[in-house]
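Engineer: One letter stands for each residue in the lines below.
Number of protein chains: 2
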Amino acid sequence: MQYELLDKINSPKDIKTLSMSQLNKLAAEIRDFITHCVSCTGGHLASNLGAIELTIAMHYVFDFSTDKLLWDVGHQCYAHKILTGRRELFKKLRQKDGISGFPSPAESEYDQFTVGHAGTAIPTAIGLALAAEKIKTAEKIVAFVGDASIVNGLSFEALNNMGLVKRQLLVVLNDNSMAIDVSQGAIAQFLSKVRLSHTYEDLRKRTNRILEHLPLVGRKMEGALESFKRTLRMAITPNRLFESLNIPYFGPVDGHDINSLVQIFKAMSNLDRPAVLHVYTKKGKGFSPADDDPTRFHSTGPFKINGELESEKPTGKSFTAAFSDAIVKLAGENDEIIAITAAMSDGTGLTKFKQQFTSRYYDVGIAESVAVDIAAGQAKMGLKPFVCIYSTFLQRCFDQIFQEVALQNLPVVFCIDRAGLVGADGPTHHGLMDIGFLRMMPNMILIAPANGVELELAMRFAAESQGPVAIRYPKEEVDDSICPEVFSQPFELGRSVTVKNGKGKIAVIAYGSIVNEALKAAQSLKADNVDITVINARFAKPLDEKIISLLRADNSIITVEDHSAAGGFGSAVLEAAAAAGADTAKIRILGVGDKFVQPDKRAAQIAGLGIGVDGIAGAVKEIVEAH
Amino acid sequence: MQYELLDKINSPKDIKTLSMSQLNKLAAEIRDFITHCVSCTGGHLASNLGAIELTIAMHYVFDFSTDKLLWDVGHQCYAHKILTGRRELFKKLRQKDGISGFPSPAESEYDQFTVGHAGTAIPTAIGLALAAEKIKTAEKIVAFVGDASIVNGLSFEALNNMGLVKRQLLVVLNDNSMAIDVSQGAIAQFLSKVRLSHTYEDLRKRTNRILEHLPLVGRKMEGALESFKRTLRMAITPNRLFESLNIPYFGPVDGHDINSLVQIFKAMSNLDRPAVLHVYTKKGKGFSPADDDPTRFHSTGPFKINGELESEKPTGKSFTAAFSDAIVKLAGENDEIIAITAAMSDGTGLTKFKQQFTSRYYDVGIAESVAVDIAAGQAKMGLKPFVCIYSTFLQRCFDQIFQEVALQNLPVVFCIDRAGLVGADGPTHHGLMDIGFLRMMPNMILIAPANGVELELAMRFAAESQGPVAIRYPKEEVDDSICPEVFSQPFELGRSVTVKNGKGKIAVIAYGSIVNEALKAAQSLKADNVDITVINARFAKPLDEKIISLLRADNSIITVEDHSAAGGFGSAVLEAAAAAGADTAKIRILGVGDKFVQPDKRAAQIAGLGIGVDGIAGAVKEIVEAH
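First to last, the sequence lines map onto chains A and B. Take 215 as the starting number for the first sequence in our numbering and just add one per residue. Take 215 as the starting number for the second sequence in our numbering and just add one per residue.
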């Protein structure tokens, strides 16, 4: 790929000398470049294609080597990465030794925070602004937020506290009328109603009116704002949300019109108080397959440039797909089962359920906390809510799970997808803490199935439980062929299953699908005449007593988990052994150590962290050799 | 105390036959009863005195044996408890074998959720309403929310999702213009501006207008609402927040006028869609000392009925007070230190700091998540934010601490007050999980000081740290007289201090102020000729290597902590020992077991859970006897 303009852009300084028509050409080149690169690497396509003009205009007006640009969620920062010296590295997006798909200060001075969760841009921007006020520096601060993130409670808490800031702070609300799935909630409805009521011509007129009148405001906003508002009242859409929060609001304007954006950013950069600029963009703009189906191309694997997905090759079935089948099956049998997600119906595998059981499906938008509390209310009335949230986002609901579910002992089922290492998305998206934070809560039952068969059995067990149950499973394919004779046994509370009985005195106890690695290790060890026992723990809480009996019978135990080694499954085994006075010297814990795990293939991460087949076999050999 | 009416009220049914003037008399009696009881037991006074008429009116109109009443935060439910068969038990408020200060389904069918954290009433009410729709039951649902809770992100997420509900759901917004401290943020300012602009006469007129026009709406709201709004526009205060969220809003009305409230509740109970009723009340109403200083009487210890506080007797200095002194001292030395709280300036000991360093003090309202993110932004710019939040409320910021602080390795200091058992407030308020959830995060340093001297040293250490530090301390008095020679040594990363060297082979390693219990145990054991070593761990992360050396030198170790035994300090010791191949069979963990701890005196809780002097001495003896 060769590009006339883009190939010469090595830093944002290089775009400042371009003409408006060149900026537009640059946008087209970046669009082409992103589409080609993501077709090879996979990544977030649609949202990035929608934000190109905005990104160029921001970099044209601001100098983000000193000014601060904060991305919310962060998956719309590709053009920004490409413009800030990472064009070549972008070809290795989300790969080892390449660059992350999210902002990363380790990569560039142009990135402020490593992010991936929603709602953080405005509050961290407030923090930067308050500090800048205090240390008396003059950098401009821009928070770039999507319409899906603005409804998150964290964004709202920040907007409500915007009044703390008495200096410039620009919030760019990038409104593409679509969360990851279609946006939910009153704010989203309001935005989309406003959106539908405007023609392209309206947007252009409004831009002009804003530009005409901004000089009235000038730098000093406080006094000028009221008269400004009166003048503009007929020209700008009244936005009651921001008005009620007392935040000056401008827009909506066309987010693909670089020329206008540049003028507006220039004018707004001089305001001496926080303000919101509402911008319309089109998700997937300029790439017709993504245009047609932005959800499909929200986060994609590699694909052919005509829009056909490379990964349509017959690969295995994912845990997500197994969940998808199981919840539909269970819901067909049990009327009380309902499902709740936080803007992730596709990601969590609820699309089929949603189609088949529309009235039993709830999507609350990117608002994980409220999803849990709504489920608690539903469970209180006798329903059986399945709350479907990725492990990393479940961190947003720690307190709700504790107080509204565990403390009340309500039968809410947490289906925790993307538990463990997630591969390319990196440290913001790994789910390495769920066992640790959930097992501290009384009443919680924790399960990890080994494959798709077990996932369905676990869900069946959970549907019958009288208290809360959390089921974790990874971003991985299921292997339903292994050990059907043991893995098809129904779940019993706190009972593990023995996958392989060894003659030796070493047992590997694995929690979740990582048991497959343990089985492979057992096979490879057999060649060396080491015959180990392999146990599929199934439950992290309550733990099977059998594990302690093994210690008493003088076995060495190796625990394996796709989770932080601190506070996780192995730690639970240690605690139980210590409480029983068993010889915990014989326990070795394999898990993720005390560091953030960078993007790579999931299999490579597992191998690199020593929790794969080689790591397990190695740990066994160490024990054998020590004896 | 004898009361003409109250003494005959054994269930809410008993008030339904009373006349309006009797209801008013009942309110006066309840006011007197609450004031007298709380003067003996301590508790939340001001907020409860403000909610009496509202509570009576709700119980008069609704039947909460089948209808559902959800309290937000829950500390304003005293009148409700008194009316629902708990009048006698109320005299033992917040005491063992008495009743909790918060709603508790274990106590009464009239309570739905055990709560204590903000923002849960509306989302759980949505859950109940959705379930009622599905199972086709007709109970009325009422969520009772204070103005301080409405600004919490969870409340906002719920309001944004209110549209999911297509049946009756009444949100009563109890506006007393005051969070625990004075309310913060744009919404609070807006509410207080509206409040100031109304006279008592306005409220009365508005009530009449609402009552006149409600029949226009009748049961079917959807179609009628627009015309209703037009009719009422001049009579009701436009509330842009609720309008932007598309939620019908009525009010504000006088929250002490039982007669009007009864009529309005009757009318609004028939609406077939969610609606908000905004009610003005006066915190501390009717008890002049609380009237004058509601913050002082928000949550109080026992006091004399003239308002003088019983606990003014010369008791010791609390950790909170020690923190208060230390932060003022450190801030005087270091310009970069700033402090952030979430509506808890008094509770966390920031009042003095706020007075002395006004421009370096930030209160974000009951919005813990945003407090952390703002701090992250400030730290990013080189400031040194001290985030002051109770342990139990820090659970609301798990994900923000993880992503915006730990992952970025920013030097934010978390000052975690009320860590461990908190006594009378019970299970919603204990801080038993902070060690467990924080120690899973790379970059985090975890400290627990033993007393006030160590707290200051720990804060001094934290102020110099280049990454995040979390300091936990309990709701307890400090004993600065103990071991001044060791406890006054500056903190060094990952270094414990040995408080007492024993001749025997048993070491008790305590994390935090509980080391005092260990010292007392050591003294009592000496009488039995058992001479143990006592170590003050200081750090839970990183752990002192010395602890493992002790195991290697064939010592038995007992760890003690005021925290869940699962995932806590002891668990960290076990993990380190297992990783080092040390003999973990010699480790015994004392901590809080897998159950919710009911209200009682903190000392009694510690003793009862076996982490006090007797529990420690007992554990030592078991080891001695086993040998």
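Hints may contain errors.
In this list, chains with the same sequence are indistinguishable; a pair is considered to hold if it fits within one copy or across any two.
Under the rule of at most 25 angstroms between Cα atoms (straight-line distance), these lysine-lysine pairs were calculated in the DSS-like manner [stated by the list, open to error]: (1) Lys566 with Lys348; (2) Lys348 with Lys239; (3) Lys568 with Lys348.
I should point out that these hints are in silico values taken from the structure, not numbers from a laboratory.
Engineer: How would you classify Lys566 and Lys348 at a CA-CA limit of 25 angstroms: within, between, both, or neither?
Structural biologist: between (53 angstroms within a copy, 20 angstroms between copies)
Engineer: With 25 angstroms as the alpha-carbon cut-off, assign the pair Lys348 and Lys239 to within, between, both or neither.
Structural biologist: The answer is neither: 41 angstroms in one copy and 54 angstroms across copies each exceed 25 angstroms.
Engineer: Classify it for me, Lys568 with Lys348: is the Cα-Cα distance of at most 25 angstroms met within a copy, between copies, both or neither?
Structural biologist: Classified as between; 16 angstroms across copies, 50 angstroms inside a copy.
The structure fails to meet hint 2 from the earlier list, while all remaining hints are met.
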